[in-house]
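Sequences and hints are given; from them, build the entire structure.
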Amino acid sequence: MERTRKPAVPGWFSEEGGFRLLGTRCPACAAVFFPREDAYCRNPHCAGGGAMEEVPLSRRGRVWSYTDGRYRPPAPYPSDPEEPWEPYTLLAVELEAEGMVVLGQAVPGVGPADLEVGMEVEVVGGVLAEDADTVWTTWRFRPVGGRA
Amino acid sequence: MTDVAVLGAGMHPWGKWGRSFVEYGRVAARAALADAGLEWSGVQSVVGAGTVRGGYPGYVAGATFARALGWQGARVASVYAACASGAQAVAAARAQILAGQADAVLVVGADAAPKGFFAPAGGDRPDDPDWLRFRLLGATNPAYFGLYARRRMAVYGDTAEDFARVKVKNAAAGALNPLARYRKAVTAEEVAASPVVADPLRLLDVCATSDGGAALVLGSIEFARARGVADPVRIRAVSTVTPRYPRTVLDLPDIATDSACGAGAGADAGAASAAVPFRASIARAVYEEAGVGPEDLSLAEVYDLSTALELEWYEDIGLCGPGEGASLLGKGATALGGRLPVNASGGLASFGEAVPAQAIAQVCELTWQLRGAAGARQVPGARVGIAVNQGLFGHGSAVVAVR
Chain A
1 MERTRKPAVP GWFSEEGGFR LLGTRCPACA AVFFPREDAY CRNPHCAGGG
51 AMEEVPLSRR GRVWSYTDGR YRPPAPYPSD PEEPWEPYTL LAVELEAEGM
101 VVLGQAVPGV GPADLEVGME VEVVGGVLAE DADTVWTTWR FRPVGGRA
Chain B
1 MTDVAVLGAG MHPWGKWGRS FVEYGRVAAR AALADAGLEW SGVQSVVGAG
51 TVRGGYPGYV AGATFARALG WQGARVASVY AACASGAQAV AAARAQILAG
101 QADAVLVVGA DAAPKGFFAP AGGDRPDDPD WLRFRLLGAT NPAYFGLYAR
151 RRMAVYGDTA EDFARVKVKN AAAGALNPLA RYRKAVTAEE VAASPVVADP
201 LRLLDVCATS DGGAALVLGS IEFARARGVA DPVRIRAVST VTPRYPRTVL
251 DLPDIATDSA CGAGAGADAG AASAAVPFRA SIARAVYEEA GVGPEDLSLA
301 EVYDLSTALE LEWYEDIGLC GPGEGASLLG KGATALGGRL PVNASGGLAS
351 FGEAVPAQAI AQVCELTWQL RGAAGARQVP GARVGIAVNQ GLFGHGSAVV
401 AVR
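Protein chains in written order, with our numbering: chain A, 1 to 148; chain B, 1 to 403.
Keep in mind that the hints were calculated from the coordinates and are not lab data.
Please note that a few of the clues may not be correct.
Stated by the list, open to error - Output of the computed footprint for chain B on chain A, the stretches with three or more beta carbons under 8 angstroms from beta carbons of chain B:
1) 31-40
2) 63-71
3) 79-86
4) 92-99
5) 124-135
We put the CB at the ideal spot given by N, CA and C, even for glycine.
Structure (structure tokens):
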């Protein structure tokens, strides 16, 4: 039986028509929020007004910083303690249009040695975990321009 | 006059003792009371800084510490603000004293930390950003420290050797502190030989999680004088500020920063000061309240969750300009014997983190230093000290103490 693909967190990204992270924008002051803020605008200088609007975030950004996880993180990170730990790479990526830094794991196979601060990366779909019925999808960052 | 007197300071040694946090807090409280020359029945209020147990502040701390000391009907308050819990406890006690509600207040914080990475409370809790960063990214605390460290290397040219030098400095100070968990000198080679935890940081760059307890007895200046203490160490200012929107520097436990877009809408002076990063704003607030500046300091206790983060704090509290932290360290200015020793206690590098106790422990160190009672790690002639720290989710923590 085919397993169902489900987002690991609902409403944070869209896979239709090219992968995009989804934030929200305040119609009054244009502030953008990720993770999405649906109930209110957090800008203290904004009088508010109107419902928050869903907005796709930039497809590309530049590496603000990066690191990796050499030890298995604790729950609730989905990881089988019976399996050997494979380090993952974590990126902080600056989205210029939004003036925002967003965290995400690198696509598998990209390590710290493949990265530099300032390098251009793009957001793509990935898999966080799989179980008997479900493939849990997430976002990943991948260097643009052929490296790794 | 907004000074309150530090009548007593006491700690339970940091370590991995395997006992209840209540026991550590009780030992620290007894030590602080003895240091103050006060009976437990002589304080009118107790403020407990909470650890977290099963998703709520452990035994809701203040009353639990009071019970362990023997309930005597004191006014009680309990605070939880992650690593800033201790500073909020000090702030609450100070407010009660300045409001005339109590002559003497006991402040206690203690923790028995689990082994390994800190983890969020269990269950399926996608409404909690702290749960989500572990769930979706496996982003442990050291992962954030690794991101900050790599950023410094790229922007300022810091090196792994600079970071190791912080550990060497703090271990040398901690070796002189009988209350520290780690009391051995560490070499740069030992740091470099320790395993990488979160690139570029190694095990000896990252602070451990520890058991420990710390307590203070605070009182009014009049009460101190009436007890024959003419010149007590004084807490002159406490800063417990939040960040200002937009916070554009990544911080635990967030998955993204605020957006700089839209910040100008309806902006006033607030938006201009938003350009001051959070940690710097914590220090700025406490300097302003105390009427002192970095040039007045004799010493500083800063929250060295990682070696690289200690360098950030140098810049944030105004000891040097942005990017100059490693240079200041390299000149020996922040070591014992230097112009402005930082983490004369040995810092988190020597203690490890006992979350609700830590900000209180920082003030204990300032107290002993300002009294000239810090033994082999004494900063000569110390008159003004700052302790800074920050708690998860945006809790500022800073204290200025003077003599």
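Problem set entry | Within 8 angstroms of chain B's CB atoms, at least three CB atoms from the segment 63-71 of chain A: coverage verdict | holds (count 8)
Exercise. Counting residues of the segment 92-99 of chain A that have a beta-carbon nearer than 8 angstroms to any beta-carbon of chain B, does the count reach 3?
Worked result: holds (count 4)
Problem set entry | 8 angstroms C-beta criterion, at least three residues: is the segment 79-86 of chain A covered by chain B | violated (count 1)
For this session: Check whether three or more residues of the segment 124-135 of chain A sit with their beta carbon closer than 8 angstroms to a beta carbon of chain B.
Result: violated (count 1)
Exercise. Do three or more residues from the segment 31-40 of chain A put their C-beta atoms closer than 8 angstroms to C-beta atoms of chain B?
Worked result: Per the Cβ count (5), the hint holds.
Checked against the numbered hints given earlier, this structure breaks hints 3 and 5; the rest are met.
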